[in-house]
Amino acid sequence: MEPTIYASLEDVTLSFGENVILKNCNLKIVRGAITCIVGLSGAGKSTILRLLDGLIEPSSGHVYVDGHDLCHTPERKLVELRQKTSLAFQFAALLDSLTIGENVGLPLREHTALSDEKIRHIVDDALESVGLRHIYDSLPNELSGGMLKRAGFARAIVTRPELVLYDEPTTGLDPIVTNLITDTIIRLRQKLDGTAVVISHDLHSIFRMADYVAMLFEGAIIAYGPREEIRTSSNPFVQQFLTGNEVGPIPV
Amino acid sequence: MGILERFGEKTIAFLEYLGGIISLIGETIRSLVHAQIRYAETFVQSYELGIGSLLIVLLTSLFTGMVISLESAQQAVQYGIGSLVGGAVTYTSVRELGPMLTAVVVAGRVGSAIAAEIGSMVVTEQIDALRSMGLSPVRFLVVPRLLALAIMLPLLTIFADIISIVGGMWIAQAYAHINPASFISSARQAVGFDDVVKGLFKSFIFACIIAFVGCYQGLSTRGGAAGVGRATTSAVVISIILIFGTNFIMSYFLFGGH
Ligand SMILES: Nc1ncnc2c1ncn2[C@@H]1O[C@H](COP(=O)(O)OP(=O)(O)OP(=O)(O)O)[C@@H](O)[C@H]1O
Ligand SMILES: [Mg+2]
Chain Y
0 MEPTIYASLE
10 DVTLSFGENV
20 ILKNCNLKIV
30 RGAITCIVGL
40 SGAGKSTILR
50 LLDGLIEPSS
60 GHVYVDGHDL
70 CHTPERKLVE
80 LRQKTSLAFQ
90 FAALLDSLTI
100 GENVGLPLRE
110 HTALSDEKIR
120 HIVDDALESV
130 GLRHIYDSLP
140 NELSGGMLKR
150 AGFARAIVTR
160 PELVLYDEPT
170 TGLDPIVTNL
180 ITDTIIRLRQ
190 KLDGTAVVIS
200 HDLHSIFRMA
210 DYVAMLFEGA
220 IIAYGPREEI
230 RTSSNPFVQQ
240 FLTGNEVGPI
250 PV
Chain H
0 MGILERFGEK
10 TIAFLEYLGG
20 IISLIGETIR
30 SLVHAQIRYA
40 ETFVQSYELG
50 IGSLLIVLLT
60 SLFTGMVISL
70 ESAQQAVQYG
80 IGSLVGGAVT
90 YTSVRELGPM
100 LTAVVVAGRV
110 GSAIAAEIGS
120 MVVTEQIDAL
130 RSMGLSPVRF
140 LVVPRLLALA
150 IMLPLLTIFA
160 DIISIVGGMW
170 IAQAYAHINP
180 ASFISSARQA
190 VGFDDVVKGL
200 FKSFIFACII
210 AFVGCYQGLS
220 TRGGAAGVGR
230 ATTSAVVISI
240 ILIFGTNFIM
250 SYFLFGGH
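Quick note, the sequences are listed as chains Y and H, same order. Going left to right, the first sequence walks through residues 0 to 251 as numbering that gives the first Met the number 0 numbers them. Going left to right, the second sequence walks through residues 0 to 257 as numbering that gives the first Met the number 0 numbers them.
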């Protein structure tokens with residue numbers, strides 16, 4: 000059966016001033032699957048997630064999520080659409096005026112009619128699933144970077160969104176927590192039949208969780224396919240990236 | 000040629016600024032109309048803003064009332080019209096200095112804090128996080144701050160008016176032996192209830208200026224910690240200029256005709 004597409008970038012070009020980040024970039028995100036995006040630091044991976052969340056607009060081209068074209072859509076409409084999507088930010092981006100518990104529970108408090116008790120319960124579960132306990136009442140500035148990142152992760156999954164965008168969810172975390180987070184991503188996908196896009200540099204966890212892998216290089220997706228296809232790809236760029244070789248077509 | 004080009008650039012930048020502020024105001028009004036108000040946050044903001052600004056507002060108005068009284072009492076007693084001092088102090092306080100000084104003090108204290116807080120939320124992606132969660136930063140941040148200012152600035156102005164009149168009365172008595180009873184009766188003659196209301200209307204407009212400029216500068220922050228600094232400074236500078244400008248225009252229309 001042909002997989003259905005949940006979201007896509009079509010001929011997206013994006014530049015900041017003179018600086019062209021994405022050039023005629025095409026990418027398809029399969030519904031109900033985990034798509035991992037790999038690429039060099041500064042290649043524009045986070046930028047792709049921001050496009051998929053409608054936080055920025057491409058200079059040209061289109062971004063579709065669940066059949067909606069996010070370009071030229073007024074912010075008011077986007078605010079509505081974004082309730083089905085969530086983004087776990089690379090640097091957590093928790094609101095520093097709220098406690099961790101309030102941060103993680105915020106989307107539930109704002110978008111659902113659940114009781115405080117129920118929300119507390121869901122938030123505790125979400126924090127538990129990323130190995131964080133007893134920090135419900137801590138403020139973000141009292142926690143380490145890794146703890147913040149995990150709390151940001153918990154906030155992104157707490158509403159059970161249809162599409163979750165994870166920006167380097169495991170970077171900078173210890174191996175045990177990395178496994179825990181990878182498991183959580185896999186479990187959420189299976190349980191909720193949700194769609195996920197994960198940016199990661201961690202090849203081990205990529206090949207554990209990915210259904211599809213896309214490689215971003217110089218503003219475009221130069222390789223895309225099911226995980227095994229990419230793992231055994233003869234594409235010299237992919238080969239060099241996976242082996243971490245300094246010699247090859249990717250200039251260091 | 001160079002000058003023309005630069006003039007054009009400045010004009011475009013100004014129009015962009017104007018457009019930005021207008022769309023911010025539009026979105027805020029839409030939130031208010033739909034009653035999308037976070038009451039708890041509004042209360043917290045009002046409390047902090049009001050309590051935090053009270054002392055400095057009281058001090059500046061006290062000394063202002065005293066100095067007006069000092070200057071006018073000196074002149075008035077010389078010309079034998081000491082009974083008019085109460086009117087002079089009350090008149091200037093209620094119509095002009097009370098609303099203006101309070102607004103300037105609050106612009107320096109609160110407008111800057113709003114711009115700095117929102118600006119640092121921009122550079123740490125907290126604003127994007129709000130948008131990403133499907134929450135409007137306008138409803139979440141701008142509306143509570145606007146309401147807090149619109150409630151508290153007129154209240155602070157009332158305190159400022161009172162303390163400045165009391166300070167003036169004290170100096171008039173201590174320095175020119177004008178007794179409080181004659182000070183008050185002169186004040187009553189000079190200033191009507193409508194003057195007080197007009198003064199408070201002014202301070203309501205100033206509150207809107209401080210809130211919108213502070214929030215707009217914060218939301219349009221670019222470029223790290225230095226950007227937050229720039230946003231903060233320009234929030235204060237722009238709102239103070241606008242306060243002085245609109246004060247003149249409002250005085251002209253509210254008081255000028257009569
Ligand atoms: N707001 C911005 N203004 C100007 N340039 C930007 C902006 N945001 C991103 N860039 C540029 O876009 C490029 C891609 O940034 P992005 O954050 O998407 O990289 P990335 O692939 O996520 O890198 P990393 O793996 O280090 O997180 C970078 O070169 C960066 O300098
Ligand atoms: Mg990134």
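For the record, the hints were derived by calculation from the structure and aren't laboratory data. None of these values were measured; they are calculated from a predicted model. Honestly, I wouldn't trust all of these hints.
[Said to hold, decoys possible] Taking beta-carbon pairs under 8 Å as the criterion, some of the chain H residues facing chain Y (in silico):
#1 124
#2 128
#3 130
#4 134
#5 135
[What the hints assert, rightly or not] If you anchor each label on the Cβ, the simulated ranges turn out as follows:
#6 36(H) <-> 127(Y): 40 to 46 Å
#7 11(H) <-> 17(Y): 40 to 46 Å
#8 157(H) <-> 200(Y): 39 to 45 Å
#9 191(Y) <-> 225(H): 25 to 31 Å
Here a beta-carbon is modelled for each residue, glycine too, at the ideal position from N, C-alpha and C.
Evaluation of the provided hints:
1. 124: 4 Å, holds
2. 128: Holds, about 4 Å.
3. 130: 6 Å, holds
4. 134: 6 Å, holds
5. 135: Nearest chain Y Cβ about 5 Å off; hint holds.
6. 36(H) <-> 127(Y): 40 to 46 Å: 34 Å, violated
7. 11(H) <-> 17(Y): 40 to 46 Å: Hint violated: Cβ distance 19 Å, outside 40 to 46 Å.
8. 157(H) <-> 200(Y): 39 to 45 Å: Given a distance of about 60 Å, which is not inside 39 to 45 Å, the answer is violated.
9. 191(Y) <-> 225(H): 25 to 31 Å: 43 Å, violated
Violated hints, in rising order: 6, 7, 8, 9; the structure is consistent with all others.
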